[in-house]
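**Student:** Okay, here's what each chain looks like letter by letter:
Number of protein chains: 2
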Amino acid sequence: MSQAFSPSPLFERVERARRRKHKFRDPQITLAHGSGGRAMHELIEGLFLEYLRNPLLETLEDQAVFEIDQRVSAVNGNGHTRARMAFTTDSYVVDPIFFPGGDIGKLAINGTVNDLAVSGARPLYLSAGFILEEGFPIDDLKKILASMRDAAAEAGVAVVTGDTKVVQKGSADKLFINTAGVGIIETAVRTSASSAKAGDKVILSGTIGDHGTTIMIARGELELETDIESDTAPLNFLVQEMIDEASALQSLDGIHCLRDPTRGGVATTLNEIAFGSEVCIEIEEDLIPVREAARGACEILGLDPLYVANEGKLIAVVGAGIADRLVARIKQNHYGQEACIIGEVKAEPAGIVAMRTGFGGTRIVDMLVGEQLPRIC
Amino acid sequence: MSQAFSPSPLFERVERARRRKHKFRDPQITLAHGSGGRAMHELIEGLFLEYLRNPLLETLEDQAVFEIDQRVSAVNGNGHTRARMAFTTDSYVVDPIFFPGGDIGKLAINGTVNDLAVSGARPLYLSAGFILEEGFPIDDLKKILASMRDAAAEAGVAVVTGDTKVVQKGSADKLFINTAGVGIIETAVRTSASSAKAGDKVILSGTIGDHGTTIMIARGELELETDIESDTAPLNFLVQEMIDEASALQSLDGIHCLRDPTRGGVATTLNEIAFGSEVCIEIEEDLIPVREAARGACEILGLDPLYVANEGKLIAVVGAGIADRLVARIKQNHYGQEACIIGEVKAEPAGIVAMRTGFGGTRIVDMLVGEQLPRIC
Numbered sequence: 001m002s003q004a005f006s007p008s009p010l011f012e013r014v015e016r017a018r019r020r021k022h023k024f025r026d027p028q029i030t031l032a033h034g035s036g037g038r039a040m041h042e043l044i045e046g047l048f049l050e051y052l053r054n055p056l057l058e059t060l061e062d063q064a065v066f067e068i069d070q071r072v073s074a075v076n077g078n079g080h081t082r083a084r085m086a087f088t089t090d091s092y093v094v095d096p097i098f099f100p101g102g103d104i105g106k107l108a109i110n111g112t113v114n115d116l117a118v119s120g121a122r123p124l125y126l127s128a129g130f131i132l133e134e135g136f137p138i139d140d141l142k143k144i145l146a147s148m149r150d151a152a153a154e155a156g157v158a159v160v161t162g163d164t165k166v167v168q169k170g171s172a173d174k175l176f177i178n179t180a181g182v183g184i185i186e187t188a189v190r191t192s193a194s195s196a197k198a199g200d201k202v203i204l205s206g207t208i209g210d211h212g213t214t215i216m217i218a219r220g221e222l223e224l225e226t227d228i229e230s231d232t233a234p235l236n237f238l239v240q241e242m243i244d245e246a247s248a249l250q251s252l253d254g255i256h257c258l259r260d261p262t263r264g265g266v267a268t269t270l271n272e273i274a275f276g277s278e279v280c281i282e283i284e285e286d287l288i289p290v291r292e293a294a295r296g297a298c299e300i301l302g303l304d305p306l307y308v309a310n311e312g313k314l315i316a317v318v319g320a321g322i323a324d325r326l327v328a329r330i331k332q333n334h335y336g337q338e339a340c341i342i343g344e345v346k347a348e349p350a351g352i353v354a355m356r357t358g359f360g361g362t363r364i365v366d367m368l369v370g371e372q373l374p375r376i377c
Numbered sequence: 001m002s003q004a005f006s007p008s009p010l011f012e013r014v015e016r017a018r019r020r021k022h023k024f025r026d027p028q029i030t031l032a033h034g035s036g037g038r039a040m041h042e043l044i045e046g047l048f049l050e051y052l053r054n055p056l057l058e059t060l061e062d063q064a065v066f067e068i069d070q071r072v073s074a075v076n077g078n079g080h081t082r083a084r085m086a087f088t089t090d091s092y093v094v095d096p097i098f099f100p101g102g103d104i105g106k107l108a109i110n111g112t113v114n115d116l117a118v119s120g121a122r123p124l125y126l127s128a129g130f131i132l133e134e135g136f137p138i139d140d141l142k143k144i145l146a147s148m149r150d151a152a153a154e155a156g157v158a159v160v161t162g163d164t165k166v167v168q169k170g171s172a173d174k175l176f177i178n179t180a181g182v183g184i185i186e187t188a189v190r191t192s193a194s195s196a197k198a199g200d201k202v203i204l205s206g207t208i209g210d211h212g213t214t215i216m217i218a219r220g221e222l223e224l225e226t227d228i229e230s231d232t233a234p235l236n237f238l239v240q241e242m243i244d245e246a247s248a249l250q251s252l253d254g255i256h257c258l259r260d261p262t263r264g265g266v267a268t269t270l271n272e273i274a275f276g277s278e279v280c281i282e283i284e285e286d287l288i289p290v291r292e293a294a295r296g297a298c299e300i301l302g303l304d305p306l307y308v309a310n311e312g313k314l315i316a317v318v319g320a321g322i323a324d325r326l327v328a329r330i331k332q333n334h335y336g337q338e339a340c341i342i343g344e345v346k347a348e349p350a351g352i353v354a355m356r357t358g359f360g361g362t363r364i365v366d367m368l369v370g371e372q373l374p375r376i377c
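Chains as they are written, first to last, in the working numbering: chain D, 1 to 377; chain W, 1 to 377.
Isolated chain D (complex conformation) (with noise of 0.2 Å):
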């Protein structure tokens, strides 16, 4: 990673092509919208945020930030304050709805949390909308909300509020789980994708792939034995670790994004991030962890684990001064233990994430473009 890495004529048409403004031009949905990779992102950039464009669902972040400018007179006293906090939202339609690993229930749990976590919130209160299929059986939801209850337990959350609709037979597969969570900001930290800087590292809290070549073996399309299992995970704890370290570094402004790779994978998050912070991002194959059943798996469903879906795994992009002080902090935590550094941040060529292979070469890690895998999460 240390080389030099200079851009060519196809990298700059690459970014170019990135540049132009998203119009988004298909006459109906498919798949490849609900992939997580570039036809999700035209859809929301070129449809949804111009619609329902303002200054908070710009940012296109996991979650939206925003501080409640509270009159306290009726409370406590006289005055105004701020309290910084993290709202968010996710449906889930995964399937099949249990799984190696988890089950909807843990997973909606879970991606909540962690959409929650990496704006640096501590997660208070969630709330679960329930669309039921008419017939879907009490046994099963009664697992699902087993899960959720656990799930909940772990991270420290509570789910306050709620709403359930049924749909006639064949009008909706099985059940789909929204939950939307708050979070209080407690510290200064200020995390974005727009805010990783030429010099950073880029941190990953364990290997990747196993979420999604778990959903796709669970299907049972294929014939395929393995011991894979979902990695669906509270990274919220994880988190508040990474954060209390650099506290005690007084380096809490070197935290600069945090992003849990789901759909699209790492290549799609790592190229948010390069996108939102112009900057270029290097990552190094061989030192990308894979599980060698995950990795496997991937090479007989043609998939690239750089793509596939995680739940429990974070991306840090930090100042390199405090880099290995928290991948130590990290490693420390359950959900963490595989941590490491996997690439750099570099000024040039803006906009795009480019890994050297295990064989020496280089070569671009484009956002996943088309559909991979439908209803992952």
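FYI, nobody ran anything at the bench for these hints, they're computed from the structure.
Some hints here could point you the wrong way.
Which copy is meant is left open, so a pair is good if it fits within one copy or across any two.
[Stated by the list, open to error] Cross-link-like lysine to any residue pairs, in silico, SDA-like; alpha carbons within 25 Å at most:
{"hint": "1", "residue 1": "K174", "residue 2": "G46"}
{"hint": "2", "residue 1": "K142", "residue 2": "G101"}
{"hint": "3", "residue 1": "K174", "residue 2": "E133"}
{"hint": "4", "residue 1": "K174", "residue 2": "D95"}
{"hint": "5", "residue 1": "K169", "residue 2": "G370"}
{"hint": "6", "residue 1": "K169", "residue 2": "P137"}
{"hint": "7", "residue 1": "K23", "residue 2": "K142"}
{"hint": "8", "residue 1": "K197", "residue 2": "A347"}
{"hint": "9", "residue 1": "K169", "residue 2": "L303"}
{"hint": "10", "residue 1": "K197", "residue 2": "E348"}
{"hint": "11", "residue 1": "K174", "residue 2": "R219"}
{"hint": "12", "residue 1": "K143", "residue 2": "R38"}
{"hint": "13", "residue 1": "K142", "residue 2": "G46"}
{"hint": "14", "residue 1": "K23", "residue 2": "Y51"}
{"hint": "15", "residue 1": "K169", "residue 2": "V369"}
{"hint": "16", "residue 1": "K331", "residue 2": "D227"}
{"hint": "17", "residue 1": "K169", "residue 2": "G46"}
{"hint": "18", "residue 1": "K23", "residue 2": "D139"}
{"hint": "19", "residue 1": "K142", "residue 2": "F98"}
{"hint": "20", "residue 1": "K23", "residue 2": "D366"}
{"hint": "21", "residue 1": "K174", "residue 2": "P137"}
{"hint": "22", "residue 1": "K331", "residue 2": "A188"}
{"hint": "23", "residue 1": "K174", "residue 2": "P96"}
{"hint": "24", "residue 1": "K174", "residue 2": "G135"}
{"hint": "25", "residue 1": "K142", "residue 2": "R25"}
On the provided structure of chain D, position chain W as indicated by the hints.
**Tutor:** Just chain W now, with coordinates in the frame of chain D:
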């Protein structure tokens, strides 16, 4: 309503049945579980609450109200402060997605705005989670987004975070939208379904049955031509004006319950209040405004308007001393022009809603039993 209303053996039997702890025994989900009526209450209390129980969820209000205990040291000075906030969610699965008076997008914004408003909160930020069926036309999506934009603008809220999932054709019916919302409670108002007191007046902000009958007719299952349309509307300013009026009268504590009578209709909402507050609510049939078109449609459809969903109406249970002033103030709001007092609260028989009929008799108005109209919102 002045005449004494004495409990009969029937009333006592109904009451006993209600007080019985809900034990959920159904083997699978039925459409009735999404009706807003008794089956849904049993599902929520007997199952969801059993698994996810916590003090906030236990209130079973349409929103959770909590205090943010903010350590403000990092933000502006030292010390603690508290902000009282509301948080709510609803998924929308209405069929058809476009109907006279609105569409699923407008409904999704207004519904969540209203669930916040009835806690006394000023709605601030909404999330939007879309579940889209593969093949859904982008032109329809644009119409829905435009409608969400307009509804958000009218209510003074912003959609600040979102999520998009796509499922295969046949795995969902067109699109489902979940909205969650957060708001801030800036006054000392405290409303709940358990705060109604004997002597209180029951205010209804306008005609009932418009939304539900509109949807039923829009399904085209009946060859019925009427000019009826959904009443979907944001009620936050109307509620704010009520609160201002009560504040001006130094009777903020006179606003006891606020609810929007959606699924299950006015009958179900009043039952929730009668049961939650352990009071009897007596309403007078002749005082309840129903549009001629809605009444006619209900007759043909075999529906009782009292059980039909509304999407822009408010039920307020308030101290008798301020009721007339509040009605006068509500009438000044565009969405409250037909507001009136429809009944009052008695101490006994607790947990019962009784209606003096136009013929001079009295009947018990129970919660909606069974499923009236699937996918009404």
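**Student:** Hint by hint, note whether the structure agrees.
**Tutor:** Structure-based check of each hint:
In this homomeric assembly, K174 and G46 come within 25 Å of each other (Cα to Cα) only across copies, at 20 Å, whereas the closest approach inside a single copy is 31 Å. Taking CA atoms no more than 25 Å apart as the test, K142 paired with G101 passes inside one copy only; the shortest distance there is 17 Å, against 38 Å between copies. Taking the shortest alpha-carbon separations for K174 and E133, both the intra-copy value of 5 Å and the inter-copy value of 14 Å come in at or below 25 Å. For a Cα distance limit of 25 Å, the shortest separation of K174 from D95 qualifies both inside one copy, at 9 Å, and across copies, at 18 Å.
Taking the closest pair of Cα atoms, K169 and G370 come within 25 Å of each other only across two copies (17 Å); inside a single copy the shortest separation is 30 Å, beyond that limit. In this assembly of identical chains, K169 and P137 lie within 25 Å of each other by CA distance both inside one copy and across copies; the values are 12 Å within and 23 Å between. Taking the shortest alpha-carbon separations for K23 and K142, only the inter-copy value of 13 Å comes in at or below 25 Å, while the best intra-copy value is 44 Å. With identical chains, the CA atoms of K197 and A347 are at most 25 Å apart within one copy only, with a shortest distance of 7 Å there and 67 Å across copies.
In this assembly of identical chains, K169 and L303 lie within 25 Å of each other by CA distance solely across copies; the values are 24 Å between and 34 Å within a copy. In this assembly of identical chains, K197 and E348 lie within 25 Å of each other by CA distance solely inside one copy; the values are 11 Å within and 69 Å between copies. Both within a single protomer and between protomers do K174 and R219 lie at most 25 Å apart by alpha-carbon distance, with minima of 15 Å and 24 Å respectively. In this homomeric assembly, K143 and R38 come within 25 Å of each other (Cα to Cα) only across copies, at 23 Å, whereas the closest approach inside a single copy is 35 Å.
Only between protomers do K142 and G46 lie at most 25 Å apart by alpha-carbon distance; the minimum there is 11 Å, versus 40 Å within a single protomer. Taking the shortest alpha-carbon separations for K23 and Y51, only the intra-copy value of 13 Å comes in at or below 25 Å, while the best inter-copy value is 45 Å. When the C-alpha separation of K169 and V369 is checked against a cutoff of 25 Å, the pair qualifies only between copies, where the shortest distance is 21 Å, while the shortest distance within a copy is 33 Å. Within a single copy, K331 and D227 get their C-alpha atoms as close as 23 Å, which meets the 25 Å cut-off; across copies the closest is 66 Å, which misses it.
Within a single copy, K169 and G46 get their C-alpha atoms only as close as 34 Å, which misses the 25 Å cut-off; across copies the closest is 23 Å, which meets it. Within a single copy, K23 and D139 get their C-alpha atoms only as close as 46 Å, which misses the 25 Å cut-off; across copies the closest is 14 Å, which meets it. Taking the closest pair of Cα atoms, K142 and F98 come within 25 Å of each other only inside a single copy of the chain (12 Å); across copies the shortest separation is 34 Å, beyond that limit. In the homo-oligomer, the alpha carbons of K23 and D366 lie at most 25 Å apart inside one protomer (19 Å), although the nearest pairing across protomers, at 53 Å, exceeds that limit.
In this assembly of identical chains, K174 and P137 lie within 25 Å of each other by CA distance both inside one copy and across copies; the values are 9 Å within and 24 Å between. When the C-alpha separation of K331 and A188 is checked against a cutoff of 25 Å, the pair qualifies only within one copy, where the shortest distance is 24 Å, while the shortest distance between copies is 47 Å. Taking identical chains as interchangeable, the C-alpha atoms of K174 and P96 lie at most 25 Å apart whether they share a chain (9 Å) or sit on different chains (21 Å). Taking the shortest Cα distances, K174 and G135 sit within 25 Å of each other both inside one copy (8 Å) and across copies (20 Å).
In the homo-oligomer, the alpha carbons of K142 and R25 lie at most 25 Å apart only across protomers (12 Å), although the nearest pairing inside one protomer, at 43 Å, exceeds that limit.
Hint compliance for this structure: no hint is broken.
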